[in-house]
Amino acid sequence: MSLFYPLPEQPDGLTIYAFLEPTESVSLPFYHSCVEAGFPSPADDYVELSLDLLKYLVDKPHATFCVRVKGNSMEGATIVDGSLLVVDRSRVVKNNDIVIAVINGEYTVKRFRRDKGKVWLIPEHAAYEPILVTESMEFIVWGVVTFIINQPK
Amino acid sequence: MFALLDCNNFYVSCERVFDAKLEGKPVVVLSNNDGCVIARSNEAKALGVQMGAPAFLMQELFDKQQVEVFSSNYALYGDMSDRVMKTLSELVPSMEVYSIDEAFLDLRNMPYENLEELALHIRQTVRQWTGIPVSIGIAPTKTLAKIANHYAKKHQPQRGVYLIDTDTDAEKALLATPIEDVWGIGRRYSEMLQKHHIINALQLANASEEWVRQKMKVVGVRMLRELQGEICYQLDTEPAPKKGICVSRSFGKSLSERKPIEEAVATFAARCAAKLRKQQSCAHILHVFLYTNPNRPDQPQYFNSKVLHLPTATSSSFEIIRYALRGLELIFKEGYHYKKAGVMISGIVPENQVQISLFDGRKRQLDTQAMRVLDELNRRMGRDTVRVAVQGFDRNWHLRQERKSRCYTTRWQELLEVKA
Numbered sequence: 001m002s003l004f005y006p007l008p009e010q011p012d013g014l015t016i017y018a019f020l021e022p023t024e025s026v027s028l029p030f031y032h033s034c035v036e037a038g039f040p041s042p043a044d045d046y047v048e049l050s051l052d053l054l055k056y057l058v059d060k061p062h063a064t065f066c067v068r069v070k071g072n073s074m075e076g077a078t079i080v081d082g083s084l085l086v087v088d089r090s091r092v093v094k095n096n097d098i099v100i101a102v103i104n105g106e107y108t109v110k111r112f113r114r115d116k117g118k119v120w121l122i123p124e125h126a127a128y129e130p131i132l133v134t135e136s137m138e139f140i141v142w143g144v145v146t147f148i149i150n151q152p153k
Numbered sequence: 001m002f003a004l005l006d007c008n009n010f011y012v013s014c015e016r017v018f019d020a021k022l023e024g025k026p027v028v029v030l031s032n033n034d035g036c037v038i039a040r041s042n043e044a045k046a047l048g049v050q051m052g053a054p055a056f057l058m059q060e061l062f063d064k065q066q067v068e069v070f071s072s073n074y075a076l077y078g079d080m081s082d083r084v085m086k087t088l089s090e091l092v093p094s095m096e097v098y099s100i101d102e103a104f105l106d107l108r109n110m111p112y113e114n115l116e117e118l119a120l121h122i123r124q125t126v127r128q129w130t131g132i133p134v135s136i137g138i139a140p141t142k143t144l145a146k147i148a149n150h151y152a153k154k155h156q157p158q159r160g161v162y163l164i165d166t167d168t169d170a171e172k173a174l175l176a177t178p179i180e181d182v183w184g185i186g187r188r189y190s191e192m193l194q195k196h197h198i199i200n201a202l203q204l205a206n207a208s209e210e211w212v213r214q215k216m217k218v219v220g221v222r223m224l225r226e227l228q229g230e231i232c233y234q235l236d237t238e239p240a241p242k243k244g245i246c247v248s249r250s251f252g253k254s255l256s257e258r259k260p261i262e263e264a265v266a267t268f269a270a271r272c273a274a275k276l277r278k279q280q281s282c283a284h285i286l287h288v289f290l291y292t293n294p295n296r297p298d299q300p301q302y303f304n305s306k307v308l309h310l311p312t313a314t315s316s317s318f319e320i321i322r323y324a325l326r327g328l329e330l331i332f333k334e335g336y337h338y339k340k341a342g343v344m345i346s347g348i349v350p351e352n353q354v355q356i357s358l359f360d361g362r363k364r365q366l367d368t369q370a371m372r373v374l375d376e377l378n379r380r381m382g383r384d385t386v387r388v389a390v391q392g393f394d395r396n397w398h399l400r401q402e403r404k405s406r407c408y409t410t411r412w413q414e415l416l417e418v419k420a
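As you go down the protein sequences, you meet chains A and B in turn.
If you read the first sequence in full-length UniProt numbering, its first letter stands for residue 1, the second for the next number, and so on.
If you read the second sequence in full-length UniProt numbering, its first letter stands for residue 1, the second for the next number, and so on.
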């Protein structure tokens, strides 16, 4: 599949190719000057790709999932009811990461803490108690939260 | 060495990534229209649920054994498949996507002394990144890799990896593979071989080449050599453009009026046209079919189809819809309860090799531009956001999908909810 298709010829004789790619979008900078015709624009050396929010938020697209938060036990970590979380499953969990954990089939977001051989899931709200992960629980870390996206109130 | 990687009970595994409560329970996924079983968890297999079993016959067992039943969610499975394949493409230099849940990997020239270790690493990575459990078979040929995979799944489910490196490894796996499970053996060959007392893959691998050539032609000889470790099939990394495209669905309920059927046929035609454009080809043969429900002998039965030859090959939704509806007009009859319709296109040529008919008066450039805009809008805003009006907006004919899970990875409104 060809990803480029030419746009109609420009007045200055350049052919510009637009980019058509099904999964990700990249904005291409336009070069305004033609090398052989006239003095090059001094800005050309400084042309950069435009900011791509997706690239900023997502490191490994195929291991990244979005989930929606319900509840307020993580308010201290700016995770509120309705927050959108970006979760990277390729990250190896480190102490004090915020994670999506599955306990006995329930999905929950908490801070992951390993302490003296024990694993705790710590809420960030005074009204909630830390959860000690015990042998009898079915427990996995589903993924590591890498970004928290909230709308302003 | 080649590897065949296969996702375990793929559709069920996709559901389990987003619903951990399904772990350890019998789970099945039903085909389009909730017709029959197309995927089973190991627990469901153990209960005796057969592949392809009609759902309505299984309902009693499902209720009694508390089987979790899902309608198929192709948006989810497609996205998860894509994630698995892209993960693999980061781990190996060359691969062939063989189906939605299988891929051949080229493990030649890999900096690993021990390929089993590499396979375990791949398996672990796919599991962690995507949540999907997989099995991997490694062998000198693709056919043997398939067999190794089968063996890994059946006999080493915990490890999930089997390597055929020595003759002993090969014999062990070949002996355990029933002849009908050998890659490329269809029902006819399997019956023929069994008649000649060849019931497992090892017996076929030990057959004489002359005999195989006589019974199964050159395809059989290639299969034999592959089983003996000689490479006949390379990795196919460029998928061939499709030779024919067919879009057909059963209706959610039977339809007797013309209008909803027209809408369905127009939508199928539009889907065909979009697929053609995606692979940059055009087609000039169009086949429309329509039939009543053969499982309702109490109702009058009717089946008809019409083949239309288009004067100029096209990929324009406008044109293909127009011809499809013309075809439908020729076969539609009042007074029947229709269950299924479909549009098939063939005579596919690359779009830059289209012969324009001498009397073609159509402004093709305009169509092409319109289609480009339409495809781009639908890509950004979701399928069928912009459509030809005759496709309709009611969707009376739409699939029955009563137990579909959410599109966790493709729709903002349907994300997984986590408790805080």
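It cannot be assumed that every hint is accurate.
Stated by the list, open to error - Here are the simulated DSS-like pairs of lysine-lysine, each with C-alpha atoms no more than 27 Å apart in a straight line:
#1 B:K21 with B:K278
#2 B:K333 with B:K306
#3 B:K45 with B:K243
#4 B:K259 with B:K340
#5 B:K86 with B:K217
#6 B:K419 with A:K70
#7 B:K21 with B:K404
#8 B:K64 with B:K21
#9 A:K70 with B:K21
#10 B:K306 with B:K259
#11 A:K60 with B:K253
#12 B:K333 with B:K45
#13 A:K55 with A:K94
#14 B:K278 with B:K243
#15 B:K217 with B:K195
#16 B:K339 with B:K404
#17 B:K217 with B:K21
#18 B:K217 with B:K154
#19 B:K195 with B:K275
#20 B:K21 with A:K94
#21 A:K118 with B:K275
#22 A:K55 with B:K86
#23 B:K419 with A:K60
#24 B:K153 with B:K45
#25 A:K94 with B:K86
#26 B:K172 with B:K154
#27 B:K340 with B:K243
#28 A:K60 with B:K215
#29 A:K55 with B:K278
#30 A:K70 with B:K172
#31 A:K94 with A:K118
#32 B:K339 with B:K259
#33 B:K419 with A:K153
#34 B:K86 with B:K153
#35 A:K94 with B:K419
#36 B:K217 with B:K275
#37 A:K118 with B:K215
#38 B:K306 with B:K278
#39 B:K253 with B:K404
Quick caveat, the hints were computed from the structure, so don't treat them as lab data.
Just so we're clear, the structure is a prediction, and the values are computed from it rather than from any experiment.
Going down the list of hints, with the structure as the test:
1. B:K21 with B:K278: 38 Å, violated
2. B:K333 with B:K306: 13 Å, holds
3. B:K45 with B:K243: 35 Å, violated
4. B:K259 with B:K340: 14 Å, holds
5. B:K86 with B:K217: Roughly 37 Å between the alpha carbons, so the hint for B:K86 and B:K217 is violated.
6. B:K419 with A:K70: Holds, at about 5 Å.
7. B:K21 with B:K404: 16 Å, holds
8. B:K64 with B:K21: Judged against 27 Å, a Cα distance of about 19 Å means the pair holds.
9. A:K70 with B:K21: 18 Å, holds
10. B:K306 with B:K259: The hint holds at about 19 Å.
11. A:K60 with B:K253: 43 Å, violated
12. B:K333 with B:K45: 43 Å, violated
13. A:K55 with A:K94: 23 Å, holds
14. B:K278 with B:K243: 14 Å, holds
15. B:K217 with B:K195: 18 Å, holds
16. B:K339 with B:K404: 21 Å, holds
17. B:K217 with B:K21: The given pair, whose Cα atoms are some 50 Å apart, is violated under the 27 Å limit.
18. B:K217 with B:K154: 31 Å, violated
19. B:K195 with B:K275: 43 Å, violated
20. B:K21 with A:K94: 26 Å, holds
21. A:K118 with B:K275: 54 Å, violated
22. A:K55 with B:K86: Given pair A:K55, B:K86 holds - Cα atoms ~17 Å apart, limit 27 Å.
23. B:K419 with A:K60: 24 Å, holds
24. B:K153 with B:K45: Satisfied, since the Cα-Cα distance of roughly 14 Å is no more than 27 Å.
25. A:K94 with B:K86: 25 Å, holds
26. B:K172 with B:K154: 13 Å, holds
27. B:K340 with B:K243: 23 Å, holds
28. A:K60 with B:K215: Since the Cα atoms of A:K60 and B:K215 sit roughly 50 Å apart, the hinted pair is violated (cutoff 27 Å).
29. A:K55 with B:K278: This hinted pair holds, its Cα atoms lying about 26 Å apart.
30. A:K70 with B:K172: 52 Å, violated
31. A:K94 with A:K118: 14 Å, holds
32. B:K339 with B:K259: Holds, because 14 Å separates the two Cα atoms, which is no more than 27 Å.
33. B:K419 with A:K153: The given pair, whose Cα atoms are some 21 Å apart, holds under the 27 Å limit.
34. B:K86 with B:K153: 23 Å, holds
35. A:K94 with B:K419: Given pair A:K94, B:K419 holds - Cα atoms ~21 Å apart, limit 27 Å.
36. B:K217 with B:K275: 35 Å, violated
37. A:K118 with B:K215: 65 Å, violated
38. B:K306 with B:K278: 25 Å, holds
39. B:K253 with B:K404: Given that 27 Å is the threshold and the Cα spacing comes to 17 Å, the pair holds.
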